[in-house]
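My request is simple: use the sequences and hints to build the entire structure.
Protein chains in written order, with numbering that gives the first Met the number 0: chain W, 0 to 734; chain L, 0 to 734.
Think of the hints as simulated: they come from the structure by calculation, not from any bench.
Take the hints with a grain of salt, since some may be wrong.
Label pairs and their in silico Cβ distance ranges [to be verified]:
hint, chain 1, residue 1, chain 2, residue 2, range
1, L, Ser273, W, Ile635, 32 to 38 Å
2, L, Asn684, W, Asp38, 41 to 47 Å
3, W, Tyr376, L, Arg586, 33 to 39 Å
4, W, Glu542, L, Glu90, 35 to 41 Å
Here are the simulated PhoX-like cross-link-like pairs (lysine-lysine), alpha carbons at most 20 Å apart as the crow flies [claimed, not checked]:
hint, chain 1, residue 1, chain 2, residue 2
5, L, Lys215, W, Lys393
6, W, Lys494, W, Lys688
7, W, Lys393, L, Lys218
8, L, Lys393, W, Lys215
Only a predicted model underlies this, so the values are computations on that prediction, with no experimental measurement involved.
Beta carbons are placed, not taken as given, at the ideal position from N, Cα and C, and that holds for glycine.
Each chain is listed here by its residues.
Protein chains: 2
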Amino acid sequence: MSSIAFWIIPIAGIAAVIFAIWLARDVLSRDKGPQAMQDVGGTILEGANAFIKRQYSTIGILAVVGTFVVAAIIAFVDTEEVAETPIYGVELGLLTGFAFLVGAIASMAAGIIGMSVSVRANVPTAAAARTSLVDAVQVAMRGGAVSGFLVVALSLLGVWGIFAVYETLFDDVSYAVAPFLIVGFGFGASFVALFAQLGGGIYTKAADVGADLVGKVEKGIPEDDPRNAGVVADLVGDNVGDCAGRGADLFESTAAENIGAMILGSAIFLIAQSAGWPHPEAWIFFPLVVRAFGLFATIAAFWFVRGREDEDPMNILNRGYWATTILSVVGMLIVSLVLLDTGTFQGNYDIPTWVWFFLCGVVGLVTSVAFVYITQYYTAGSWRPVKDIAEASKTGPATNIIAGTAVGFETTFVTALVIGVALITSFWLGDQAGIIAEDGRNVGGVFGTAVATMGMLMTTAYVLAMDTFGPITDNAGGIAEFSKAEGSAREITDKLDAVGNTTKALTKGFAIASASLAAFLLFQAYIDKVNVALLARDLPIMETVNLANVSVFVAAFIAAMLVFVFSALAIRAVGNAAGAIIVEVRRQFREMPGIMDYTQRPDYSRVVDITTRSALRQMIPPGVVAIVTPVAVGIILGYEAVAGLLMVGTIVGVLMATYLNNSGGAWDNAKKYIEAGNLSDDQGNVLGKGSEAHAAAVVGDTVGDPFKDTAGPSLHVLVKLLATLTLVFAPLFIR
Amino acid sequence: MSSIAFWIIPIAGIAAVIFAIWLARDVLSRDKGPQAMQDVGGTILEGANAFIKRQYSTIGILAVVGTFVVAAIIAFVDTEEVAETPIYGVELGLLTGFAFLVGAIASMAAGIIGMSVSVRANVPTAAAARTSLVDAVQVAMRGGAVSGFLVVALSLLGVWGIFAVYETLFDDVSYAVAPFLIVGFGFGASFVALFAQLGGGIYTKAADVGADLVGKVEKGIPEDDPRNAGVVADLVGDNVGDCAGRGADLFESTAAENIGAMILGSAIFLIAQSAGWPHPEAWIFFPLVVRAFGLFATIAAFWFVRGREDEDPMNILNRGYWATTILSVVGMLIVSLVLLDTGTFQGNYDIPTWVWFFLCGVVGLVTSVAFVYITQYYTAGSWRPVKDIAEASKTGPATNIIAGTAVGFETTFVTALVIGVALITSFWLGDQAGIIAEDGRNVGGVFGTAVATMGMLMTTAYVLAMDTFGPITDNAGGIAEFSKAEGSAREITDKLDAVGNTTKALTKGFAIASASLAAFLLFQAYIDKVNVALLARDLPIMETVNLANVSVFVAAFIAAMLVFVFSALAIRAVGNAAGAIIVEVRRQFREMPGIMDYTQRPDYSRVVDITTRSALRQMIPPGVVAIVTPVAVGIILGYEAVAGLLMVGTIVGVLMATYLNNSGGAWDNAKKYIEAGNLSDDQGNVLGKGSEAHAAAVVGDTVGDPFKDTAGPSLHVLVKLLATLTLVFAPLFIR
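Dropping the structure here:
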């Protein structure tokens, strides 16, 4: 039976890939509308291809270099890490390097394919919007789902595949050891995610700022005007950040969570084995099976993405989200019941073990729902925070900025509270299950937090589909505008675009919560791994990470500082990269005088390529800081200090990202709130577009752009990178 | 000999008070210039008195209530805390409450007297500025020094007095126990500091914003125009934040550092006693003697505050600062040599114990110098950061804000680095001294960090004098303007005002660094105190603060969140409080039509009083959050979690304060940089006052105001409040 469970993992992965292919074919075979639309779509596609080529060839080279560096370090520095197996030295280096490469390739593949489909789904969405809102929602959601399913499926198949290969290659002991060998996969994924998100985030905002500055300010032509050579770079940028960037981000979350949970599961495997519980190995691949059922739930939920023409499109998306969540609860119930079988009662209250862990999974799912709604409260126009910012805009840009900053700071309150409650509740539930290790420690609590993380991430594919829905509808709106589409096209795409803004924001909330839970898991895994290495060297194990230790305290200080400095570098990079696009767009206007009277076509791809290259150059400083700092701290201050760095880096990174994302989202929507005519002065006159209040809100929106689209999302990735990087290099830090 | 050392403490304190009185008499006896100046000065004085009356009567009531609450909690909750002495229960409650009250009163007294002198020193400074720059510098510096000396002297006399009383009251054992009884003093000081800084910070910016909005924007009259009823509130505000607020802040630093170091010293006292070292009790009052020599050094240094008329006034101040630092090194050498005598070599390299600790003190003094210069680099107009912000202003307010945010984030880098290096170096040096406790632990390292903190704080009185120099010269400028003073008055006060901006900024850097070092000390003291209580209850002691423990991790999360939320509340409070002053100034313009043609005098005091009351109301939410959060976490999650909260709260609070203070300072100076005509466009035309770049820079300056004058400084206080509060209530958290 447990072998059925084992094979369900690849079956789910492959089913999700097939479903994604079916969705992609469905979207691509739809009506593409009039030639004008297709022309615009073609131009965006051309730009997107230029971006993908430049971006991923660079990241690919970095990944190959990374593979060799990782393999070499592990091969030659650590020759005794895994004490109980014959795997060490060069062999371990090769295995880790291989896993790193697979992780990197899978992450890149998910990004490239997902983005390729999403930049093709925009035209069918625009075409559908001419006649039907529901059709347009479905096309955009299906286009987005390709990316969502691929991310989760490739992450699942990758971890499972490496696990299956390694487990076949080595003897029985490797059941407990194999998860440690897969950590390279998570690091590979993180490595790619860092550059995909950083480079993408810098690109998207540089293109935005650069195109606006030359077009709107200098030349006085409208936004999205086809004469602006930078406008395609801007439209491509929408896909870059939210589709490719967030995809890499959540790929990393799922991979890291899988690996962290498997490492913790392998501790329980040893307990289960010696206690003679049925199918002990199930504790190790339990997280993968949970993910598999999450995929099934999401596939089924797509049937519920339907509604009436006159409905708020957010309701249609929410219907599918709730279906995913409820089906996931059912899936979690089945998997817990079948796999987490100890044969006898272990813990308190005579309640079976699986029940406690099932409840942990439910905690995770509830957390996910909570984050989706909390983010809506803070960033959507219908509630107090955004209204406050809009009101503050009446007295100018300064008060707008101050109000947005205060709102952004405030949002950390619920974030910390929900994460704290989720961790403590799931720890308590798991603790009750009573999984007692040989040394008398109850490891159920930590595993409970792992199960909560799994529960939370079951809905990842759906959330990512909603996220990519954002850039697709955003593009569809641009295409409708560009091609002067008939009918209700622009009206419907505007509605969808507003919904897309919300879904993009809530995905960030989801990504933050998952990052903090995953990092807590990986932190526990890090301790396990360090202790394996310490035992192998006959050193006393690390029982605690003691903040009262001066080196841990200093490392924690450095971790918090790293978050601030990394954010500064990311924000600064946008301005620097924007310089390149400004020069190029100006040059085209100057040297191609036919552009202004429509007789010459601007060279859109060249702008995309130049912006991409510039963004890639600008991502070097923050990228280097993110990778070098933890390694340097580890080498200088030791393994316990790194643990402090990891935890405090996670905490501060998560809260800073919350601040940056939510203040940015709230500023954006405060501007939209004013544009929609919801703000009035004391005499009741509407202060809309063109008012001073609107100008002030535009300042806030511009400030928020690099916050919410560059620095904030890059911090999600940083948090997980810290965790996977330290996990891989743990042996380096032991002196 | 050690009794000479003991009596040197009150002698230094009293000498400093006498010197402060002499300085005050000197300043107040100087030429007050023409009647017009004295009139303006009188108006400010009247406003300041209205502020002091309202502010300190409220804080006084809070302090009395606080005394009873603290005494009651300690009396009835904890009946067995101090195991080795007969002091517990009601007696302990009374002693703690008494110490709390003395701390609160001393802090308030320092604030009230310091501010009273500084609002009287502005007129003589303006008068002196008519003829001589050096005279004006000396008057302003001496006026500021009254506050500086009183703060340090009252803190020193308070701690010493309570120690002397308690030590006389109880038997010999109390040498080791008395420091624990003084913790109430630190909490009392923190309690007052929180409200003085929060209320003052909110007041000063609300007055600034409110006065500008009605006067400049609505009525179109210039800044500092006497017809604006809010203008005096604004001038009073300068003194409130930088003199009274920062005074309370550093009073708290010195008190907390004294107590923390004495608690650590009392551990060494026990070692010294059993090892038979000479005068073991010297280890306990060593920190107080160091502070005493710091006062002597500062008094002597005032002789060096002199220079040439054509000199940069910053040089004159720096001359005194360097004199203080060098004399402090000498003082540290003498005190270490005489008091830290173990009779034999204890540690490594055959180097006497006192040498290691003397070097720790030097590390602290160097850290202090480093912070003074780092802050200048980031916030003064002559270097890259401020120039970058000014450049970014060319493309509008949004890029100005983005650049300032990036600079502010960046400044955390050196802050963390310098604090990290100082801690690790002083820990290492102290560790070499080799002070081995009964249980085999080397306690020299932690004491080394304590000595570094002492070294750093030796220059406090001088730094505070430079800080208060800021509002005095700022006021002098306003008075010169108001009274249309003849001669070079306005020119000289402008120069001094620019220097004052720098000194205000560097004091914040100094306060941050001292806050983080003091908090690290108090954290160690907290562990000591909890362990005393645990031992008394026959419970296992807390050996580590384990971040891998889920409740510690969650507490750390809450601590980081507390910093964000507290900042949000402080920032938001400014806007809310400004509402009150706006209404009142508008009312006066409306109901007193003679104001506009100078036939009626606005009721300045009423505006001050209304603003003060409003600020006091607005400080309730952040104040409550700051006090309730650590207590709630302690009661719910326990004593180890509180330790995590304390450490991570310190780290994040210090870095967030660094960001807020420095971005605010940099924005302010970017505006000044543009106003001074240093910015040009591509064609070389100067972009000065009235340009779009200047308008953008004004937005940044306005955003920075509540950052640097309300939220940032309040965070310094929060960090220390967390430390003293948890230290006092430690027994509450043990279940």
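| request: Report the numbers of all earlier hints that the structure fails to satisfy, in ascending order. | output: none
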